[in-house]
Amino acid sequence: MDRIPILQMGRALLITIQVDMHDQLALALEEDLAAKIASSGARGVLIDISSLEIIDSFIGRMLDNIAGVSRLMDAETVVVGMRPAVAITLVELGLSLSGVRTALNVDRGMAIIQQRLHDYEIADGD
Amino acid sequence: METNSGDVLVISGSDDVVRVRQAVRAKAIEIGLSLVDQTKIVTAASEVARNTLDHGGGGTATLLTVQNGNRQGLRLIFEDQGRGIADLDRALTDGYTTGKGLGLGLGGAKRLSNEFSIQSTPGKGTRVVIARWK
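Those protein sequences? They're chains A and B, same order as listed.
Sequential numbering of the first sequence, starting at 7, is according to our numbering.
Sequential numbering of the second sequence, starting at 2, is according to our numbering.
Accuracy of the hints is not assured; some may be wrong.
Said to hold, decoys possible - Computed from the model, here is a short list of chain B residues facing chain A with C-beta under 8 Å:
1) V37
2) S47
3) E48
4) D88
5) R128
Unchecked claim - If you anchor each label on the Cβ, the simulated ranges turn out as follows:
6) B:Q82 with A:P90: 36 to 42 Å
7) A:Y126 with B:K135: 47 to 53 Å
8) A:D130 with B:K135: 55 to 61 Å
9) A:D130 with B:G59: 27 to 33 Å
10) B:D16 with A:A44: 46 to 52 Å
11) A:Y126 with B:S35: 43 to 49 Å
None of these hints come from the bench; they were simulated from the model.
Just so you know, even glycine gets a beta-carbon here, dropped at the ideal spot from N, CA and C.
Using the sequences and the hints given, assemble the complete structure.
This is the structure:
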């Protein structure tokens, strides 16, 4: 079965969703990511959805779940690059993804994650 | 109003939901829907196709380009021979779900479409028709 790759960069995980996901692929990503957070100790997860042409309620719920699971595992998820037409459609669909932190693009999303990593480094004293 | 004979796609697995999305996108581009309207009809199609698969046990999607005067549109017909929906009003209510979704599927598809109709007979199946006009 296909998998969406999860890249590790220090204490951050990077995911670029480049395919039109069928439901099983989305579910596999949820599980793979939780396992990867546990094994890597990552504190930030950046998900780039700039290639996604639609987000329906299933994919929306997946993003919500990922953010929730990551939070429980002490990692913050930032979803970046949502296309304007996708944002308009999602709101009309009735999904505002209020549990998901978003940023306009990769740069701004990485800045949020770097700040969090920086805060933890001070707190951890490393 | 004129219609063409239409393309029929079988929905029997989650890959087929992706194929329906791609076919609807191609048709929407063909008739010149705006990017936002393309996104709305593709998203609505995805919701209904998933309902056909998960609730109806699979079925078909028929894609029609339709013409009303000088207006062009895209009409999609989803049919299954599944268990049907006993309470349609409830099925269209946000947050109501019998499956694994958020319960936004049919109500969301209705909001994203210019036309929406649903007929269902318990034990016999469900037919959903949605359309988006240029």
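Tell me the hint numbers this structure goes against, listed in increasing order. The structure conflicts with hints 4, 5, 9, 10, although it agrees with all the remaining ones.
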